[in-house]
Every structure is written in structure tokens, then in C-alpha cells.
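Make the full structure from the sequences, and use the hints.
Our numbering numbers the first residue of the sequence shown as 651 and each following residue consecutively.
None of these hints come from the bench; they were simulated from the model.
Everything numeric in this text was worked out from a predicted model, so none of it was measured.
Any given hint might turn out to be false.
Pairwise CB distance ranges (calculated) [unchecked claim]: (1) 704 <-> 833: 18 to 28 Å; (2) 769 <-> 888: 18 to 28 Å; (3) 693 <-> 878: 13 to 23 Å; (4) 868 <-> 719: 41 to 51 Å; (5) 711 <-> 887: 22 to 32 Å; (6) 839 <-> 868: 35 to 45 Å; (7) 878 <-> 714: 27 to 37 Å; (8) 839 <-> 711: 22 to 32 Å; (9) 831 <-> 676: 30 to 40 Å; (10) 868 <-> 798: 14 to 24 Å; (11) 721 <-> 676: 14 to 24 Å; (12) 852 <-> 878: 28 to 38 Å.
Note that beta-carbon positions come from the ideal geometry of N, C-alpha and C, so glycine has one too.
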Amino acid sequence: MRSTPLTRANPLATLLGGLLVAAALLLTVDVVSAAVALVLELCLLPLAGLAPRPLLVRLLPVLLASVPAGLVTAVIGRDAGAVLVGIGPLTVTEGSLGLGAAITLRVLAVGIPGVVLLLATDPTDLADGLAQRLRLPHRFVLGGLAGLRLVGLLVVEWRTLAMARRARGLGDARGPLAGTRVVSGQVLALLVIALRRATRLALAMEARGFGVPGAGRTWARTSSFAARDAGVVAVCAAVAGAATAAAVLAGTWAPVLG
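Structure (C-alpha cells):
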């Protein structure tokens, strides 16, 4: 990961900025705001400091989820305007097609920054910011940090389970039903491992005094919020404002609660 102003910023600033953009996009359902936000986000994407190939692999689930979401919305969405496609009771009209396009762009505009921030954010730095700057309860923050660390271990455990089952001749699945049985068994085994690890982790944290009520908590690193961090929040706010202003000027602003 390359060092950029975004990667050097306080993770709390990137989190607040991402929430601003997401809030602006979730308040309305229109094509213009999502398209403007997506274009601006793609322009700022190099600041994430991530290699293109690994980033594309991580973004693949978002890309795959956006298309079905738009297609389903176009088919079952509210009909308005001329009918473009009609197959029995299923119709696609101009209005429902526009709504489907808005949903597709919105999934991309919200999902891409979320994945990028998840990859570029250090969980420990984020926990320091939440506890020291936002004054969130340290038990909540440290519990969440421990859970995030546990997720990485579970990914390794999943791969180990797959290799162990394959070595025993249990991983060869032919057909969808056999594949479902294999995956179900592996998921159940992973669930048992996760519960065991979570229990041991909770006991270890309690033994070290993480759960003592009213106890003062010290931190190894100080979380600072400098002008650079305020600049990150300001840029994200500008993206949200530009997307909203473009939709209002184009006359497509359609508030969800309206």
C-alpha cells in the first residue's frame, strides 16, 4: 500500500467522511446524485494507495451485486412512462428502468468507498480514534477490535478446513447438492471454531482487566485529529454536497422520506 494523504489520515476522519457520502446517497433515489458521486469517487480512488489488481478483486462482490439489484428493481419497481419490455405480468417501464439504474449506481457509489476504507484502515488506529476522540466506551471499542482481529483468523481457519477436508477425500463435490452439503459441513465446523475462539478471547480479556467497570483506561498510542484529517472530511463533504446539488439542479432529487 502506497503512502498517500488518505492512508496517513486518522481512520476516524475517513469513517466520518464515508458516512457523510453514504448519508447523502441514501437520502434520495435518483440517477444524477449517484452518478456524480461515483465519478468523483473514481477520481479520488488513487489516493487509497492500493494496487489495482488486488483492489479489483476486492471490489468484485460489489460489482456483481450492483447489477442484479438494478435488474430486480427495474422489473418489480413502480411502473411509470412507456412500457419498454413486457413478459406476462412482468414489465419494465421507463420509470422502473431509471429506478433500477439509480439503484445500481447507488450500490456502486456506496459500496466502493466502503470496501476501500475497509482495506485502507488499520483497525487498531480506528479503535484508538473511537475511544480517545469520540469517547466511546472502551469495552465496546476493544470488543469490536477483538472481533475484527478474529475475522482474519477465521479466514485462515476456513482455508485450513478446506485443505483438511480435501486431504481426507471429503472436499470433492460433484453437483450442486453435494457442493451444498460440503459447504454446509464446513460452515458448521467454522462456527464451532469461532465460538471456541471467541470464548477463549473473552476469558483472556476479562482476566487482563478489560471488563472492569469504572476502571481508567490508558492507551499505548495517542490518536490525534490534525488539519489533514479535517481536510479529508471536508473533501468527502464536498463530494456529498456536489452530488446533492447536481441532483437538485437537474430536478431529479427524490427524497426517500418525501
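Which earlier hints turn out false for this structure, listed by number in ascending order? Hints that this structure does not satisfy do not exist here, as all of them hold.
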